[in-house]
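All chains should be built: construct the whole structure from the sequences, respecting the hints.
Protein chains: 2
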Amino acid sequence: MKIGIYGYGNLGKGVELAIRQNPDMELFGIFTRRNPKTVKTLTGAPVYAAEEAEDYAGEIDAMIICGGSASDLPEMTPMLAQHFNVVDSFDTHAKVPEHFANVDRAAFTHAHTAIISAGWDPGLFSLARLYMNIVLPDGKDYTFWGRGVSQGHSDAIRRIPGVKDARQYTVPVPEALERVRRGENPELTTRQKHTRECYVVAEEGADKALIEKQIKEMPNYFADYDVTVNFITEEEMKRDHMELPHGGQVIRCGSTGDGEHKHVMEFSLKLDSNPEFTASVLVACARAVVRMNGREIFGCKTLFDVPPADLAFMDADVMRKKLL
Amino acid sequence: MKIGIYGYGNLGKGVELAIRQNPDMELFGIFTRRNPKTVKTLTGAPVYAAEEAEDYAGEIDAMIICGGSASDLPEMTPMLAQHFNVVDSFDTHAKVPEHFANVDRAAFTHAHTAIISAGWDPGLFSLARLYMNIVLPDGKDYTFWGRGVSQGHSDAIRRIPGVKDARQYTVPVPEALERVRRGENPELTTRQKHTRECYVVAEEGADKALIEKQIKEMPNYFADYDVTVNFITEEEMKRDHMELPHGGQVIRCGSTGDGEHKHVMEFSLKLDSNPEFTASVLVACARAVVRMNGREIFGCKTLFDVPPADLAFMDADVMRKKLL
Chain E
1073 MKIGIYGYGN LGKGVELAIR QNPDMELFGI FTRRNPKTVK TLTGAPVYAA
1123 EEAEDYAGEI DAMIICGGSA SDLPEMTPML AQHFNVVDSF DTHAKVPEHF
1173 ANVDRAAFTH AHTAIISAGW DPGLFSLARL YMNIVLPDGK DYTFWGRGVS
1223 QGHSDAIRRI PGVKDARQYT VPVPEALERV RRGENPELTT RQKHTRECYV
1273 VAEEGADKAL IEKQIKEMPN YFADYDVTVN FITEEEMKRD HMELPHGGQV
1323 IRCGSTGDGE HKHVMEFSLK LDSNPEFTAS VLVACARAVV RMNGREIFGC
1373 KTLFDVPPAD LAFMDADVMR KKLL
Chain D
1073 MKIGIYGYGN LGKGVELAIR QNPDMELFGI FTRRNPKTVK TLTGAPVYAA
1123 EEAEDYAGEI DAMIICGGSA SDLPEMTPML AQHFNVVDSF DTHAKVPEHF
1173 ANVDRAAFTH AHTAIISAGW DPGLFSLARL YMNIVLPDGK DYTFWGRGVS
1223 QGHSDAIRRI PGVKDARQYT VPVPEALERV RRGENPELTT RQKHTRECYV
1273 VAEEGADKAL IEKQIKEMPN YFADYDVTVN FITEEEMKRD HMELPHGGQV
1323 IRCGSTGDGE HKHVMEFSLK LDSNPEFTAS VLVACARAVV RMNGREIFGC
1373 KTLFDVPPAD LAFMDADVMR KKLL
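Chains as they are written, first to last, in this note's numbering: chain E, 1073 to 1396; chain D, 1073 to 1396.
Hints were generated in silico from the structure; no laboratory data involved. Mixed in with the good hints, there may be bad ones.
As the list claims (entries may be wrong) - List time: in silico DSSO-like cross-link candidates among lysine-lysine, alpha-carbon distance up to 30 Å: (1) E:K1342 - D:K1265; (2) D:K1334 - E:K1085; (3) D:K1393 - E:K1167; (4) E:K1393 - E:K1342.
Claimed, not checked - Among the chain D residues that face chain E by a calculated CB cut under 10 Å, a handful are: (5) G1086; (6) Q1093; (7) F1172; (8) M1290; (9) L1341; (10) V1362; (11) R1363; (12) G1366; (13) F1370; (14) M1391; (15) R1392; (16) K1393.
Don't be surprised by glycine CBs; every beta carbon is placed ideally from N, CA and C.
Below you can see the structure in the form of structure tokens.
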């Protein structure tokens, strides 16, 4: 199957590399809003102008849309779903119903298939929560993120005057994690679940105490957390903080029988590269939209609606033999 | 939906209790090969003779078959799939292709839907292996079981002359688990992955040294493992070893990009009651066979073929809102 990539940042590059790991797939090309001539791809894949994408509708089996959730995907995914089977990683939780409805309308009207909100959270973590809720209806689940780089929080720090560069790590509180794993089902505040570690390069002469205060008091992003701020040099930033690791845990504890038997289920990820791992999930979803479209299952879906076998390159009998 | 239970051992009792946790389900009754009059159920559910099951075909939406994999299920599941949508927990790995084919033929011919090999392994662990293989095609996965009671190994010890009762715990080797979690992708022998802990009540005057030797040298079951044998009293057995806990881990480490980024995925279970947890999975699968049958998806399936949403009681929009 032929795959298009729409948007060429970290995620798009991850998709480009992930396609090489899937022998049934071929990268048709990359669509960018920049001048295509100025974009050099990692694998030498051809680059096209984003606005010409629909001209290639007949040649692409699925388009993986690698834009941001804030302003790109709400426009791009419904627009592209008119011309292609599409996959995106939309992660603005509160706006999922609206995005789902918009993509569903566009895809359904044009007999296309879409999967939105793919990746690891939303994505594999959502699946973990769903399977866990199915099997243990009486229980409570928890999601912890990290240790990993939050790009949104890093960007928020960078917007503070006097900050040259910044990297923010989200870190689960080990004691909270242990209590959940022991099946205590504790009530945990935001502060009790995660801490935030900031590494900041200040501009020369900047007031570091003021920067630290502004970070720690920033509403939504930092005010509800225990925050540590470390000022480092530009060299240290380049040496120690250029990767984008992430990960986390979904844990559910529930009971069966007359409530006397407790069960703890856990799904965890430890990722060297958040964008490359997310890209791997998107690529598997591209396979699924093509297959489901072939079975005339149209409209917008999430991973909840996808038979796991549709995501896999492997044949069904091999799958049963090797993995069941 | 109305559910029947075919077979009333530990697993059947677990299903009986699990149905109460699922508000869209009702227990029609229990089918037993014993004299129905002699069977007292945990919840007061009615009991019927197994051989009369097909008389109730029109009144039962799905039959959950709670027999053993060695001799019961290969007969029962294809036979009952002629009359019902069915679910089983068949776990004889080498015979899955044959069982699948037999159940598929029976179910398909009679426009029924079947899910075989449901539970946690095979079942949720299989799903974990599949999703992990999908997302990280270049990698290696490991399954560890325990700490938990292996009923097959406990039975094997009980067959030794002079043994009155026995319980065998399968225990993962902590160092092996740690190496896998660190992403080392080690080659591990059977002995390096698990140890086996046995608790044995000997008959009066029995030769304990001989019993220990016979356990440790038993081919397939124990010879390839480091085994400890503890002789205990009947009272200790009753006090400390009456529960059936189990669990384990599926771990996959794989790489993306140019192989420079490693990722570790892990799914783990810690279960107070193996049969009750397995039963909870079977009950969710009963929901799925009824729904898939309603969409005219006939024949034999495994969890690989089931859209996760079909297993869930929750509505699709609530699911997206709460779990995505």
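Now for the hints, and whether the structure bears them out:
About 22 Å separates the Cα atoms of K1342 of chain E and K1265 of chain D, which keeps this hinted pair within 30 Å; it holds. The suggested pairing of K1334 of chain D with K1085 of chain E holds, with an alpha-carbon distance near 17 Å, which does not exceed 30 Å. A threshold of 30 Å between alpha carbons decides the hint, and for K1393 of chain D with K1167 of chain E the separation of about 9 Å falls inside it, so the pair holds. Straight-line distance between C-alpha atoms of K1393 of chain E and K1342 of chain E comes to about 28 Å, which keeps the hinted pair within the 30 Å bound.
Here the hint on G1086 of chain D is kept, as its CB sits about 7 Å from the closest CB of chain E, short of 10 Å. Of the supplied interface hints, the one on Q1093 of chain D holds, with its beta-carbon coming within about 5 Å of a beta-carbon of chain E, less than 10 Å. This hint holds: F1172 of chain D has a C-beta 7 Å from the nearest C-beta of chain E, less than the 10 Å allowed. Residue-level restraint check for M1290 of chain D is violated (minimum Cβ-Cβ distance to chain E is 27 Å; threshold 10 Å).
The closest approach between the C-beta of L1341 of chain D and any C-beta of chain E is roughly 6 Å, which is under the 10 Å cut-off, so the hint is satisfied. Hint status for V1362 of chain D relative to chain E: violated, with the closest Cβ pair at about 14 Å, above 10 Å. Hint status for R1363 of chain D: violated, given a least beta-carbon distance of 12 Å to chain E, over 10 Å. Against a cut-off of 10 Å between C-beta atoms, the interface hint on G1366 of chain D is violated, since the closest Cβ of chain E lies about 16 Å away.
The beta carbon of F1370 of chain D is not positioned within 10 Å of any beta carbon in chain E (closest approach about 15 Å), and the interface hint is therefore violated. The criterion of a C-beta within 10 Å of any C-beta in chain E is met by M1391 of chain D, whose closest approach is roughly 6 Å, and the hint holds. Of the supplied interface hints, the one on R1392 of chain D holds, with its beta-carbon coming within about 6 Å of a beta-carbon of chain E, less than 10 Å. For K1393 of chain D, the suggested interface contact is upheld, since its CB lies about 7 Å from the closest CB of chain E, less than 10 Å.
The structure shown violates the earlier hints numbered 8, 10, 11, 12 and 13.
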